[in-house]
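Number of protein chains: 2
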Amino acid sequence: MQEYRIVGKSIPRTDSLGKVTGEALYTADLKLPKMLVAKVLRSPYPHARILHIDTSRAERLPGVKAVVTGFDGHGVKWGVFKYTQDHAMLPTDKVRYVGEDVAAVAAVDEETALEALELIRVEYEPLPAVFDPEEAMREGAPLIHEEYPRNINIHVHIEVGDVDRAFREAYLVREDTFRASGEAYAMMEPYAVVVHYQNGYLDLWMPNAGPHVRAKALSNLLKIPLNRVRVRRIAIGGAFGGRSEVQPADFAAALLSIKTERPVKLVLTREENATSIRQVHDMVATIKTGVKRDGTIVAKEFKVIYDGGAYSSTGPIATSIPYYVYEETYRFPNVRYDGYRVFTNKGIRGMYGCHGRAFLAGNEVQLDMIAEELGIDPVEMRLKNGLRAGEETATRSKIISSGFEEAVLRAAERSSWKEKRGKLPRGQGIGMGCVAIMCGFPMGFRSGSSCYVKLNDDGQATIVTGVVDNGQGNESMMVQIASEILGIPVEDINLVNADTEVTNLDPGAYSQAAAFVGGNAVRLACEDAKRQILAIASDKLGVPAEELELRDRMVISKKDPSKKMPLRWVVREAFFMGRPVMGIGAYMPKIDFEREWVKNPYGQMAGTFSFGASVAEVRVDEETGLVRIEQFVAAHDCGNPINPMAVEGQMEGSVAQAGVATVMEECRWHEGFLLNPDLLEYKVPLACDMPQIEPIIVRSHDPEGPFGAKEGGLTIRMNAHSAVAAALYNALGVPLKELPATPDRVLEAIEKGKGGRR
Amino acid sequence: MQEYRIVGKSIPRTDSLGKVTGEALYTADLKLPKMLVAKVLRSPYPHARILHIDTSRAERLPGVKAVVTGFDGHGVKWGVFKYTQDHAMLPTDKVRYVGEDVAAVAAVDEETALEALELIRVEYEPLPAVFDPEEAMREGAPLIHEEYPRNINIHVHIEVGDVDRAFREAYLVREDTFRASGEAYAMMEPYAVVVHYQNGYLDLWMPNAGPHVRAKALSNLLKIPLNRVRVRRIAIGGAFGGRSEVQPADFAAALLSIKTERPVKLVLTREENATSIRQVHDMVATIKTGVKRDGTIVAKEFKVIYDGGAYSSTGPIATSIPYYVYEETYRFPNVRYDGYRVFTNKGIRGMYGCHGRAFLAGNEVQLDMIAEELGIDPVEMRLKNGLRAGEETATRSKIISSGFEEAVLRAAERSSWKEKRGKLPRGQGIGMGCVAIMCGFPMGFRSGSSCYVKLNDDGQATIVTGVVDNGQGNESMMVQIASEILGIPVEDINLVNADTEVTNLDPGAYSQAAAFVGGNAVRLACEDAKRQILAIASDKLGVPAEELELRDRMVISKKDPSKKMPLRWVVREAFFMGRPVMGIGAYMPKIDFEREWVKNPYGQMAGTFSFGASVAEVRVDEETGLVRIEQFVAAHDCGNPINPMAVEGQMEGSVAQAGVATVMEECRWHEGFLLNPDLLEYKVPLACDMPQIEPIIVRSHDPEGPFGAKEGGLTIRMNAHSAVAAALYNALGVPLKELPATPDRVLEAIEKGKGGRR
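The listed protein sequences derive, respectively, from chains A and B. First residue of the first sequence: 1, per this note's numbering; consecutive thereafter. First residue of the second sequence: 1, per this note's numbering; consecutive thereafter.
Please note that the accuracy of each hint is not assured.
Chain copies aren't distinguished; within one or between two, either way the pair holds.
Unchecked claim - DSS-like, lysine-lysine: derived pairs with alpha carbons at most 27 angstroms apart:
(1) Lys31 x Lys259
(2) Lys31 x Lys19
(3) Lys77 x Lys259
(4) Lys31 x Lys423
(5) Lys77 x Lys590
(6) Lys19 x Lys259
Source of the hints: derived by calculation from the structure; they are not laboratory data. Predicted, not measured: the structure shown is a model, and the values here were computed from it.
This is chain A alone, in the form it adopts within the complex (with noise of 0.2 angstroms):
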């Protein structure tokens, strides 16, 4: 195995000090000459016609500037894909949900805006509502946009083999519901942004997922050349999932920016940001599978009901990503996958680092139920059909490395699995899930990334690429490869990035991406700086190319190392030459372009896949139902660690948000309004509530990825509540088909189980 100087060393992030000193500038801390400060009014009703709009009394309270509605913009409408675009962010026609932004803004200080939201008067017809997506897709169930028939947004329907006819071949066919509610992305920064629109051109500070692609949205919305909309890059306080896409926020600051030509700062309350950003997806899995006498599964089937909230979002995308994800794990060779994301009368749903618990965690409670009634061992039963490398996915994408296994026994091992399945005393339990994770999936044209390097006359280098971190460590990463292929260390390496002023387009952190597509493009970029290098200082020692290599701020000769100079004197060379060192790479995963997510979902999905297998330990007190994790092992296929310790840190944090979470997390609803939109009533795993964590790495040297790297964290968060789940079933006996496991259904089950395994 090869060995690097820097790549695969656990060093401190390069943006941590400025975060643990409170030195990092987050958007809130921003400072503008003339900033205004924006508040938005929300609808009041989960459904309403808009009648009639007056916002003259507020125009006319002193010390606000501006005031705006739908009306101000152009009319565009927002979706991922142009069959969904169906978000007027300031709707025009009525609102769908509490929380709905109606009108924003601007005023000299937050009491004078807050003040001025109190004198717009908004008439209003209230509208039948519907809560339930079940419900929502019957016949005569109030139509939230006219142009989707039984509110269905998304129908995504995959079908691989003979399904039928293998459900009628198998030897045992299990067929189950799981339910899971909804969660909050609980990000500790609110959703913040600063707007500035002056001569034509729309600066935007905000964290965010994506710089291009949001900026793209703006550019769309707003109707201005994309050139002149500026995202830069900022300190960013979690993400998760709930800043990948435009929101009505920045349209809103970006409008009252425009009007007022002047900085506007919007930063959402803790409320408003559970109930007017994002959350995640309620979710119905009904799971039918059918297996052979040896457990191998030979068919699946999945109806899937998702509860989308008031708009499309990322829907086409989220509604398939769980079965992907899970496919990509296991060997389907007969499958029918249908989706349907259904539209509600509730807050917005989109993406989420962990989307998909009632899908992923009955899928493989289901299979521990299989594998219990086989008299096979769960973790048999996960070795004997998951998918290795060399072999495709049951849509077609080649998986081209994979440490399945190796993360499964080693998971295993770890866990002491053999000494503790079935021999726990009872209420206590140990469980494992297992996911495979796509690393970039299409995006079009933003699918790949690139980087520009330039070698600066003290030898130090600057890399510019359009890798955005949103907390992962991304960032650092991209500093650990340049640093390793030009010889020096990390703190000569100044990185811009996620700025869409002077970065290439990149995918964003979406998808994956950042290690294996944007990492390539920075090795790429280095490499070239590194053979401008090279020829030079071959000239210039008189020795080949070839036999000289980068370390320590030289130029070294690998036979001869008294033969040398410092990197300094050849980039000074360069620049005496005319010629000065400057890297171009570029980085697009091997993907089919003509798949498309929902009219298309067949064919290479992603460049390489990573692998994960989570155990988890629980007992459960069987007076109150409250569970305690015990014990959680983390094993991750991620290629090869560019910087471990970022890499366990994400699987630290996957174990809290997906696996604890999976004993407390969930929104509470009634009647559209949210119960629970702050960090009071919403439950967020504490340092008390968290598991001894063991995580492992696991290295399968990804022919393709950057020194073999692959993602790094999301394969422990999409598999963590399975592990959970897995174990709970193992505790009591009988499986809890909805989740969070929170007491009450804790109890439930424990009710239902009399009489069970134990």
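Starting from the known structure of chain A, arrange chain B on it as the hints suggest.
Just chain B, lined up with the frame of chain A:
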């Protein structure tokens, strides 16, 4: 002559709109969270030993966050060259001029900072001072720096040919001494800097002439690695040389920010701007010229004494620049130059856009005196001696293009020279001044520029270049070059420039390098991008790349215009292919790097030279001595103007700053105190003082320049004073041997000239 679509067109500068609407953000407008205000304590003595500085009372004042003196630095001294590093930014040994920076305070507001200054106690021991450079050179004069005997800072000696023999053989020899007072830069925006130091990174916002040079200086002075010093682009309110170098203001603000880890803003007052930044050298030039009977110059000898003020600053360069621009104009087979820059206890003198009026105007007036003696027309005299393309300057710089002859002839024609010279009524006169100037001079590996261009997915482009715009229109020019090559309108082009983080080395706005050097780099980068575009389009259209052209946002076949596709499509295709269009270009002018300003002043100085001839027509009120410049014709060989309007704007500014200033601008001193540091007492030309200006653009189509372009505007700035002085000689019949031509000096000359020409 080749016609271009956008190069050569007069378009509004891309930065104009923000400036005329007031939306451009200047350094003083910047607000950063927790920003402090800085003020500087200055020396009240022209020369004094610092015995003790007590800042303790100031530090205890509530609201004061830090006080710094030179003891807070590392003792590093600044100088442009190693052998002139004598400026300790904040001195700890002694002060050398009134207004020198001694201590600085950062406080929560200006009032507190000012109050704190009064609480700092500095104990001084006054020392004998010297204010006149000729006195300062005498043995026994007070020494300002121990290491410079006779206070001689720099002595430049240039000798070519056999000067003494040539004088002996000359038909006519004249020797005259000319003097000129120093001037103020008087830029409208006072010197300003905002510094933010955090986590080891120093961020600076300030208008400046060369961000890379500034960052390097601060890196050295503060011992912060170069890649942790970032100088950013910000709007500029005039420079003219006054923002060329690192200043004590930068250093003091940086120390304060380092001490507080908070942003610090320092904006100088108008008076501080005059006394404590830089001024223009006072000068005494003794000029000896030998000619043949026909007016051919055969020998030149110069002795020039420059009053340097207290520190070296750009001394090594300033001590010969007037000579060089003159030898680049005329053929000198035998020449001896001795330039002495001498320290005095006055403010520091630096580079200026029209540096050297005593020397240049003196030479041109003396040429007219010789012409008069020989009975040759001054125009004839200039044509006879002017350098042509293919010739070499005395110090061996080859001239590759020259519009000298055309400039002289067209200026004469447009000014009705033949009709007026010798025929104007009493008190009126007409005179010509000529000069050539280097485009890019040796700054080591910083002499070149490079550019990175990326094509964005809407077919727009972003160009990244170090080129800085100090008001000349450089930014606009780079955009026009890119527009021409890429066939897209200027509004489709974003410019990222003058920021040390993302741009590569560039000489900066020194040495007239922007158009010639920076423009060439932009041209080459765009041509590189164009090649990539045409290669892809050629495949798609089935048309050979050489048959394709870029225009109107399309790739079009030159032979069959029906074969075309939008540039946007090609760019997107490139993204799909995983090789986005990214162009790289670099240009290093063909200069002699062995050349050194003082130690080896021979060899190719610049890539090319631009030429100009000015004709001024003046009217003198013989009662009051007031001079009015009535008409000014400026003919300028700028190779080929990228934006004629911008070049004409530069020419007009030059007439004001150099031409009209010749009758009014001077710094007046008394015992080391500047008597006129404000704009009430220091007279700058107002609209009512301006002559009618006729700008003439001469096109020599430089073979190396981008689209034939060379420097635009500075030749006029360097000869406008000569034209005015020559016109005054013509009006008065006696030469004015001291500038500016204020009424007192004019009246004295009239007195002296009684019985003169008229």
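Hints versus structure:
1. Lys31 x Lys259: Close inside one copy (19 angstroms) and across copies (22 angstroms); limit 27 angstroms.
2. Lys31 x Lys19: both (19 angstroms within a copy, 22 angstroms between copies)
3. Lys77 x Lys259: within (20 angstroms within a copy, 51 angstroms between copies)
4. Lys31 x Lys423: neither (60 angstroms within a copy, 65 angstroms between copies)
5. Lys77 x Lys590: neither (32 angstroms within a copy, 56 angstroms between copies)
6. Lys19 x Lys259: Between copies, since 20 angstroms is at most 27 angstroms while 35 angstroms is not.
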